[in-house]
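Kindly generate the complete structure, drawing on both the sequences and the hints.
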Amino acid sequence: MIYSVASPATPLATPLAALTPAAPPASPPAALTPAAPPAAPTPAAPPAAPTPAAPPAAPPAAPPAALTPAAPPAAPTPAAPPAA
Numbered sequence: 001m002i003y004s005v006a007s008p009a010t011p012l013a014t015p016l017a018a019l020t021p022a023a024p025p026a027s028p029p030a031a032l033t034p035a036a037p038p039a040a041p042t043p044a045a046p047p048a049a050p051t052p053a054a055p056p057a058a059p060p061a062a063p064p065a066a067l068t069p070a071a072p073p074a075a076p077t078p079a080a081p082p083a084a
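Just so you know, we're using the UniProt record's numbering here: the sequence shown kicks off at 1 and counts up by one.
Just so you know, not all the hints are guaranteed correct.
Claimed, not checked - So the derived label-pair ranges between C-beta atoms look like this: (1) Ala54 to Ala80: 55 to 61 Å; (2) Ala74 to Ala54: 41 to 47 Å; (3) Thr51 to Ala71: 42 to 48 Å.
Everything labelled a hint here was simulated from the structure, so no lab data went into it. Yeah, the Cβ is synthetic: ideal placement off N, Cα and C, and Gly gets one too.
This is how it looks when you write it as structure tokens:
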């Protein structure tokens, strides 16, 4: 014999709602909560200041290597006198 869930012969016939206590409402009903105050108007953002144009690139501090004069040759070192 197959019992159905609704059969009084099975322990599952007791509804679960009768065994579970009713949970209190999580929040009070909307009719009892005070209305939120209206949001303050947001002031308009001031216009952005104009961005100054970037200054022209500065000339290179050191002249290119092709334009620098060659270093003068080092003076010849005199031979040290022989030790006495």
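Where does the structure disagree with the numbered hints, that is, which hint numbers, in rising order? none
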